[in-house]
Amino acid sequence: MNVQPRGTRRRRKPSITVTLCHDGFPRQTALFPRVTTFLRSSSTGAQTFRSFDMQSPLRARFDATGALETSEAFDCAEAFGYGNFQRGVLVFAVLTVWVMHAHTLAFPLISSDLDHWCKRPADLNISTEAWKDLAIPVEGNGRRGRCTVYASPYDPNDTAVVRCEQWDYDIRVAHTTIVSNWDLVCHRRWLLAVAFAVYMAGSLGFLVAGGFVTDAIGRKLAILGATSLLMLAAFGGCFANTYLMYLSSRFVISGCSCTLCVIANVLVAEVSTNRHRSLHFSISCGTGLWLAEVFFVVLRDERLNWMVLQLLMVAPTLLLPLGCTLVLESPRWLIATQNLERADVVVHTAARQNGFPDDKASEFIEILRKEELERAKVTCMGTEEAKKHPSATVLRRALALFATSFNVMGAYYVVLLASAARKKPWVPWTSLVVDGVFYCMYFAAVDRVDRVSMAVRVFVTGGAICCLLAGVLTGSSPEEVGSTLLILVKSVINVAITITTLCAAESFPSIVRGFGGCLYMACARLGGMFASAASVLRTAEEEAFLLIITAVLLFVSAFIVERLQRQATALKQGATPSSARSMSRAEVLEEMKATLEPRPKEKIWRQQRSGSPTVSPSSSSPGQTTPLSECSVYPPYHFTSSRNVRLG
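Numbering (UniProt numbering), first residue to last: 1 to 648.
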């Protein structure tokens, strides 16, 4: 704002800009007249306020008038409180993750290998053992051949063999697997790989489409649509009588279950309070994955018909329609799309479920409406410089997360398939216990340790264990040592998946969080496809080489995340965490008055040359500096703001 003082030369008053570093990406913005004061003076609003803005090529997806900032600037605890509403959404999210992973594990559960040999002629009345002695050749390893038969079994001098076209199977386990049902052995075994490829391809296509849909029509409608399609496809898959029908149902199941899982967890991130967001999101991912693996381990030793096994494995799918009754539309998405009428209804409904005072919910909506009226009068961004960087920042952050998801999911499938190759009965049960312990440790630390630092440590730990495991496989160490290391690295990678998924959910604004989350999951599935294709390497040396590649991918992920943290903050490496506290209204007014006081230009110039950050007295105590920020749009803790006053 320019003023021409009487009797003096033309000069400008100080322009007030606030650099908000809590999400790791400094940006300058003018203060909203009502929303800012309300949020900063409330009990938890001071920890959540910030501004977010993007530019082309995604500008068309954002509201130029500032609705994006408003939708991200509030804490749900101040809008509709915390209680049964958030718990219901959390339960539904856990269920969706459980269902998604259960459908993924259902295929290896019902496609296990079994003993087979060439089928004897129907008119040949001899025993199975006599047929093997007569017609099945002995291979170099001393075992009977599975895929060949003598061309002339009754001529002992004719040793020519031909390929089998039909097979007999071990009758003790033949009914437990689809391999015997559709003859997926020998030269037809590639059809198993096709089934896995079709399953992964389905998730890729549906995720891209589902991301656009959920950001266009809302979370609730997308959840209802995905649930309906998933129920139909799951019913068809359990009773498929042809392999083509089974593959078609798996294609739809994969896409719907993955899309539903992503949208449900996006909803968890958007309706959780700042205090509970990280823990709720982590519980939804970790608990859902762990429950699916419990079902898998319990059912893998049961000799039931493969249809019954599949029905039991995916039984949680039947609970999805009931779970849909627990969710409402996302208030953040409604506010971001400026649909305040529907947001009013959702906020009051959630407030009633939580026992939150209705007058406070009405006050919150009224503030949003007043802000919408004044938004046209207020310039949201203070300088042209501030308008240049956010879209590039978000794009860089998104690409880093996509690459990380590809790497970590590829590592997960490499370790998972290597673990499945171990036939030790104690391995799966021990793995379940260790996974549970690691998840509990992560849940306890998720709000106490900086997110990015934790992710880097987990990636480095996983990579180091993979290198050690590769050395064990190529050496003469006991098999128990290798199995133990496999259990440890699998648990570490499970935690890494949960951390990176949480970072992805917090890294996108509400208006595109659905699409960003779906792209993240698509990249993860793509990594799983590549890892599964490489799983044909099964000798000790080949498996060790694959583990070395996995370790390299984990180290690269650690480097990417660590570099993202350094680029995300303008603070120095020696920064230490400081706890933010809420401000009273009087403190807000005093701080705003303090920003109007002119400061010597030389002092500011020296401060900028020295590179020392300016710390707001409201966010840090004496002797403390601003903490290193996390890669997050709205992290629950570690919020600090620094104020730079620039003279004109």
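It cannot be assumed that every hint is accurate.
[Stated by the list, open to error] FRET-style restraints, in silico, Cβ to Cβ:
no. : residue 1 : residue 2 : range
1   : S111      : R369      : 18 to 26 angstroms
2   : T325      : A122      : 54 to 62 angstroms
3   : V345      : M307      : 26 to 34 angstroms
4   : T325      : E139      : 57 to 65 angstroms
5   : F239      : R163      : 26 to 34 angstroms
6   : F239      : R563      : 46 to 54 angstroms
What the hints contain is simulated information worked out from the structure, not anything from laboratory work. Quantities reported herein were computed from a predicted structural model and do not represent experimental measurements. Even glycine gets a Cβ: it sits at the ideal position worked out from N, Cα and C.
Hints and how they fare:
{"no.": "1", "hint": "S111 x R369: 18 to 26 angstroms", "in the structure": "violated (57 angstroms)"}
{"no.": "2", "hint": "T325 x A122: 54 to 62 angstroms", "in the structure": "holds (55 angstroms)"}
{"no.": "3", "hint": "V345 x M307: 26 to 34 angstroms", "in the structure": "violated (44 angstroms)"}
{"no.": "4", "hint": "T325 x E139: 57 to 65 angstroms", "in the structure": "holds (58 angstroms)"}
{"no.": "5", "hint": "F239 x R163: 26 to 34 angstroms", "in the structure": "holds (32 angstroms)"}
{"no.": "6", "hint": "F239 x R563: 46 to 54 angstroms", "in the structure": "holds (50 angstroms)"}
Figure legend: structure checked against the earlier numbered hints; hints not met, in rising order: 1 and 3.
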